[in-house]
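From first to last, the protein sequence lines stand for chains V and H. Each step along the first sequence adds one to the number in the working numbering, with nothing skipped, and position 155 is 155. Each step along the second sequence adds one to the number in the working numbering, with nothing skipped, and position 147 is 476.
Please note: incorrect hints may appear among the correct ones.
[As the list claims (entries may be wrong)] DMTMM-like cross-link-like pairs, simulated, lysine to aspartate or glutamate; straight-line CA separation at most 20 Å:
hint: 1; chain 1: H; residue 1: Lys510; chain 2: H; residue 2: Glu497
hint: 2; chain 1: H; residue 1: Lys598; chain 2: H; residue 2: Glu497
hint: 3; chain 1: V; residue 1: Lys269; chain 2: H; residue 2: Glu646
hint: 4; chain 1: V; residue 1: Lys41; chain 2: V; residue 2: Glu10
hint: 5; chain 1: H; residue 1: Lys618; chain 2: H; residue 2: Glu646
hint: 6; chain 1: V; residue 1: Lys276; chain 2: V; residue 2: Asp302
hint: 7; chain 1: H; residue 1: Lys594; chain 2: H; residue 2: Asp412
hint: 8; chain 1: H; residue 1: Lys598; chain 2: V; residue 2: Asp226
hint: 9; chain 1: H; residue 1: Lys430; chain 2: V; residue 2: Glu317
hint: 10; chain 1: V; residue 1: Lys101; chain 2: H; residue 2: Glu433
hint: 11; chain 1: V; residue 1: Lys192; chain 2: V; residue 2: Glu10
hint: 12; chain 1: V; residue 1: Lys289; chain 2: V; residue 2: Glu266
[What the hints assert, rightly or not] Which residues of chain H face chain V? A few of them, derived with a C-beta cut under 8 Å, are:
hint: 13; residue: Ser437
hint: 14; residue: Gly438
hint: 15; residue: Asp441
hint: 16; residue: Ala478
hint: 17; residue: Glu532
hint: 18; residue: Arg535
hint: 19; residue: Glu624
No lab work stands behind these hints, which were simulated from the structure alone. C-beta: ideal position from N, C-alpha, C; glycine also.
Number of protein chains: 2
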Amino acid sequence: MMDRTSQEAEIIRLLRANGEGHVSGQTISRTLGISRTAVWKHIVSLRNAGYLIEGSPRKGYVLADRHPVPFNSVEITSALDTDLIGREIFFYESIDSTNTKAMELARSGAADGTVVVADGQCKGRGRLGRGWYSPPGVNLYTSIILRPAIPPERAQAMTLLSAVAVAETVGRFSPVRPHVKWPNDVLIASRKVAGILTEMSSETDRVNFMVVGIGVNLNMDPESSDETRRVAASIGKENGRDVERTNFACTLYSVFERWYKTSLKEGFKPVYEAWKGYFDGVGREVRIKGFTNTEGICLGIDGEGALLVRRPSGDIERIISGDVSFSTL
Amino acid sequence: MMDRTSQEAEIIRLLRANGEGHVSGQTISRTLGISRTAVWKHIVSLRNAGYLIEGSPRKGYVLADRHPVPFNSVEITSALDTDLIGREIFFYESIDSTNTKAMELARSGAADGTVVVADGQCKGRGRLGRGWYSPPGVNLYTSIILRPAIPPERAQAMTLLSAVAVAETVGRFSPVRPHVKWPNDVLIASRKVAGILTEMSSETDRVNFMVVGIGVNLNMDPESSDETRRVAASIGKENGRDVERTNFACTLYSVFERWYKTSLKEGFKPVYEAWKGYFDGVGREVRIKGFTNTEGICLGIDGEGALLVRRPSGDIERIISGDVSFSTL
């Protein structure tokens, strides 16, 4: 049986498919295999969610055109083509942090692929205890719960996988090819367009669950805030026209799912190869602040996703954590 | 200011130090720097906790000898000589799992070194989703919250450190030298005397906190249960006399603290060296069930705590996770 969101998404799909034509309550009831009373309840619920659904006793229902299209779990579900990522969606108008909520849900047993999405975050979190600027109504803030059978050592690989999925998705919406910064930022023209915060709960040798938090600057104006001025970019501002959030989110889930399944079947080698294609740091000077500090020339990543740095002494150091900055080109 | 447990532990120390002599309320009040009313409240609380404290209006208080000594946070605190591990103690007569409770406390911000101790566990947990047999009144079940500044890759090292600390402590209470099984069991005469379950919450490149759960079979009779018959040992049964739990716990915290501080200062090399001294698997046939299965001859551990196995093909495999079994000697 479909859950409420799936049924309502199906109703919206039906109404949209019929454009300005009416769809009878009976057709909806038959198509979804639910009672007329259930149909009526869903229509009420969709109207409460902001959909302008006109009803006439004789002809049935019609969805009045509405712009902008709302951003909610019904929209995402109605546009989704995955079978794992996003099949369960927790949507919030406002939340402290999608990652915090997803960690909670995962502890309570939420399934592999469950996602949390928010219109805005009041305590958006980034890596290394930093914040993530999360104004409402303009960007994508989502966290994906994963339950891969991997040891914690492979978690970094999952972060690189996420960066690849985000970069590929950004690339489909932006004429400018994005780059990745090790391990997990996605940049357009050297400015941050997306960030990824991967958290996990694990034993020392197996991951219980991971939460991949993804923030993508879609339509905000980076110049409107001191936090983002000169360091952030948004796809919409780069393009000169807004990115439709539902479309972006569904594309991201779909691309992510493909990479996730690939990694479970073939390991992370294809992920690393794809990641290298988005990385422009090889041969550049790099500084890493972390448990220890390192400086040198970046040589790329190794077969386990660690950053390789040739130090002035000639030694090659393998970096598995820390905050990376490249000298400006 | 000392917390309640510390003050009550101090009172018990004072009374014990005076043996059959009385200690006046005024002396206690002066020694602890607290009011006479506070002294009286602590005496009531200690009596409620089962201490037989006799009071006489003129002479003061005397602690009636009592055997067995109770096992609680006052006893542990009064015998503790650490300055980090166990300075904050959460003691439970019965609990589902000390690790589950410690993970909760850590999420709420419990300090580095905080410990959870239980007299018995009703859902004691072991590695790989298994249970840990946890009858009340006889053994030690404790979880230590740690906040080391390390990446998740080093978490395995912390498990080996815990195994070393447990093995060293067991060795002080047992005439038979214990062995370790990779990564985290401690054995006496090939039977499990202690198990360690390390769990953590982390970002992909830094640990937020770890919880090291330690169960040690001190005085139970392994033959009394189907779960432990033929596979478990207890120190008390090996020795032919009971191990005092407070003494064991405090020794363990003290030994653990020394190794923990060493690792923070000098890295894990001394830990690995000590671990090797307790390991008797080198040269033996070994099978590992994990994400993939491996068989071969055990070569020991490498510089990062991974198990090295020479497969029949001659290839050397580096094992970072899984369930290890050695062929019987």
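Can the restraint linking V/Lys192 and V/Glu10 be considered satisfied, given a maximum Cα separation of 20 Å?
Distance of about 36 Å is beyond 20 Å: violated.
Does the CB of H/Ala478 sit less than 8 Å away from some CB of chain V?
holds, 6 Å
Pair hint outcome, H/Lys598 versus H/Glu497 [Cα-Cα no greater than 20 Å]
holds, 17 Å
Restraint check for V/Lys276 with V/Asp302, where alpha carbons must lie at most 20 Å apart
holds, 10 Å
Quick check on the hint: H/Asp441 CB to chain V CB, less than 8 Å?
Check failed: Cβ of H/Asp441 comes no nearer than 16 Å to chain V, outside 8 Å.
Does the closest beta carbon of chain V sit nearer than 8 Å to the beta carbon of H/Arg535?
holds, 6 Å
Measure nothing beyond the straight line between the CA atoms of H/Lys430 and V/Glu317; if it is 20 Å or shorter, mark the hint as holding.
violated, 39 Å
Hey, does the H/Glu624 contact hint survive, CB to chain V under 8 Å?
Violated - the Cβ of H/Glu624 stays beyond 8 Å from chain V, reaching only about 18 Å at its closest.
Satisfaction of the H/Ser437 interface hint, Cβ to chain V closer than 8 Å:
Status violated, d = 13 Å.
Please check whether H/Glu532 passes as an interface residue: C-beta within 8 Å of a C-beta belonging to chain V.
OK, holds: H/Glu532 within 8 Å of chain V, min 6 Å.
Going straight from one Cα to the other, do V/Lys101 and H/Glu433 come out at no more than 20 Å?
Status holds; Cα separation ~15 Å.
Against the 20 Å threshold, does the CA-CA distance of V/Lys41 and V/Glu10 hold or violate the hint?
Status holds; Cα separation ~14 Å.
Of the hints listed earlier, those the structure fails to meet are numbers 8, 9, 11, 12, 13, 14, 15, 19, in rising order.
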